[in-house]
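Q: Oh and the sequence shown: position 208 is 208 in the UniProt record's numbering, straight run, nothing missing.
Hints in this document: simulated from the structure, not taken from any laboratory. It is possible that part of the hints are untrue.
Stated by the list, open to error - Within a straight-line C-alpha distance of at most 16 Å, the following computed EDC-like cross-link-like pairs (lysine to aspartate or glutamate) qualify:
#1 Lys48 with Glu75
#2 Lys48 with Glu76
#3 Lys151 with Glu175
#4 Lys49 with Glu72
#5 Lys151 with Glu115
#6 Lys48 with Glu65
#7 Lys49 with Glu75
#8 Lys48 with Asp83
#9 Lys125 with Glu195
#10 Lys49 with Asp79
#11 Lys205 with Glu80
#12 Lys48 with Glu71
#13 Lys157 with Asp123
#14 Lys49 with Glu68
#15 Lys125 with Glu147
#16 Lys48 with Glu58
#17 Lys125 with Glu58
#18 Lys205 with Asp187
#19 Lys48 with Glu115
As the list claims (entries may be wrong) - Here are the computed distance ranges between Cβ atoms for each label pair:
#20 Ala172 with Glu58: 24 to 32 Å
#21 Thr168 with Met78: 19 to 27 Å
#22 Glu113 with Pro13: 42 to 50 Å
Idealized CB from N, CA, C, for every residue including glycine.
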Amino acid sequence: MKQVSFFSERIKPVIIMAVITIICISLVSGIHLSTQELVIANEGLVLKKAVLYAAGVEIPSGNAEVNELYEERVEEQMDESGDVYIVYGEGGSTGGEIEAYAFIAPGPGLWGEIEMLAAFMPDLKTFAGIDFIKQNETPGLGARITEAWFKEQLRGKQPPLVMNPEGTESSASTEIDAITGASRTSDFVLSIFNEAGLRAAELEKEGM
1 MKQVSFFSER IKPVIIMAVI TIICISLVSG IHLSTQELVI ANEGLVLKKA VLYAAGVEIP
61 SGNAEVNELY EERVEEQMDE SGDVYIVYGE GGSTGGEIEA YAFIAPGPGL WGEIEMLAAF
121 MPDLKTFAGI DFIKQNETPG LGARITEAWF KEQLRGKQPP LVMNPEGTES SASTEIDAIT
181 GASRTSDFVL SIFNEAGLRA AELEKEGM
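When you get a sec, could you build the whole thing from the sequences and use the hints?
A: What follows is the structure, given as structure tokens:
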């Protein structure tokens, strides 16, 4: 009977597993590095689209056109609370008038942080619009905050806001409709809306 050596029985399997592990780690690392720039670019594109949408600017279909329009119409500034996106009309910062001030408004959600992009009219009292950059709410319930009807109802509203049941079609400048079956998420986003109003008031005090 052939005797199995100590190397073949104990050492060789360890070496093989180590080599396989190194190869797998190298492949995963390579994929991560090769896609990292694409992920960052996509995140930037999502933000740019959110700024334009919230400000009421029509978004082009092509990514290159989105980037071009953003560069033309949006100026990025920084205040004590973070980035502020100043959206200009046609002509940009050199010839266009300011149409909106926008900023990221984060807050807690039911299953994680919600990041909203809030845009205000030049008076910094009236919503130009909103969009959601990040949310993990329940599909079919709280996640309906990303539906067009819910976002569009914010245009022209003035915080602090109150919520009515869905279907009310709230017409008052301080009222919006909640989402049926998602009372917690509705409460969370209402708080984010009103906190955004407070930050807009701070921007007004800063002389924006």
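Q: Next, verify each hint and record whether it holds.
A: Hint-by-hint comparison with the structure:
Simply put, Lys48 and Glu75 have alpha-carbon atoms about 11 Å apart, close enough for the 16 Å limit, and the pair holds. Only pairs whose Cα atoms come within 16 Å are accepted, and Lys48 paired with Glu76 is accepted, the gap being roughly 11 Å. Pair hint Lys151 plus Glu175 holds up; C-alpha atoms about 13 Å apart against a cutoff of 16 Å. Only pairs whose Cα atoms come within 16 Å are accepted, and Lys49 paired with Glu72 is accepted, the gap being roughly 13 Å.
This hinted pair checks out: Lys151 and Glu115 have alpha carbons roughly 14 Å apart, not beyond 16 Å. For a cut-off of 16 Å, the pair hint linking Lys48 to Glu65 stands: about 11 Å separates their Cα positions. Proposed proximity of Lys49 and Glu75 is supported: the alpha carbons are some 14 Å apart, at most 16 Å. The suggested pairing of Lys48 with Asp83 holds, with an alpha-carbon distance near 13 Å, which does not exceed 16 Å.
Using a Cα cut-off of 16 Å, the hinted pair Lys125 and Glu195 holds, with the two alpha carbons roughly 12 Å apart. Pair hint Lys49 plus Asp79 does not hold up; C-alpha atoms about 22 Å apart against a cutoff of 16 Å. Between Lys205 and Glu80 the CA atoms are separated by roughly 12 Å; this keeps the pair inside 16 Å, and the hint holds. At most 16 Å may separate the alpha-carbon atoms for a hinted pair to count; Lys48 and Glu71 meet this at roughly 9 Å.
For a cut-off of 16 Å, the pair hint linking Lys157 to Asp123 stands: about 12 Å separates their Cα positions. At most 16 Å may separate the alpha-carbon atoms for a hinted pair to count; Lys49 and Glu68 meet this at roughly 12 Å. For the proposed pair Lys125 and Glu147, the alpha carbon gap of about 24 Å is over 16 Å, so the pair is violated. A C-alpha spacing of about 12 Å is found between Lys48 and Glu58, which places the hinted pair at or below 16 Å, so the restraint holds.
Distance check on the hinted pair: Lys125 and Glu58 sit about 22 Å apart at the alpha-carbon level, beyond 16 Å; violated. Between the alpha carbons of Lys205 and Asp187 the distance comes to roughly 28 Å, so the proposed pair goes past 16 Å and is violated. Between Lys48 and Glu115 the CA atoms are separated by roughly 14 Å; this keeps the pair inside 16 Å, and the hint holds. In this structure, Ala172 and Glu58 meet the distance hint of 24 to 32 Å, their C-beta atoms being roughly 28 Å apart.
For the pair Thr168 and Met78, the beta carbons lie near 39 Å from each other, so the given range of 19 to 27 Å is not met. Under the hint 42 to 50 Å, the C-beta atoms of Glu113 and Pro13, about 45 Å apart, fit the expected range.
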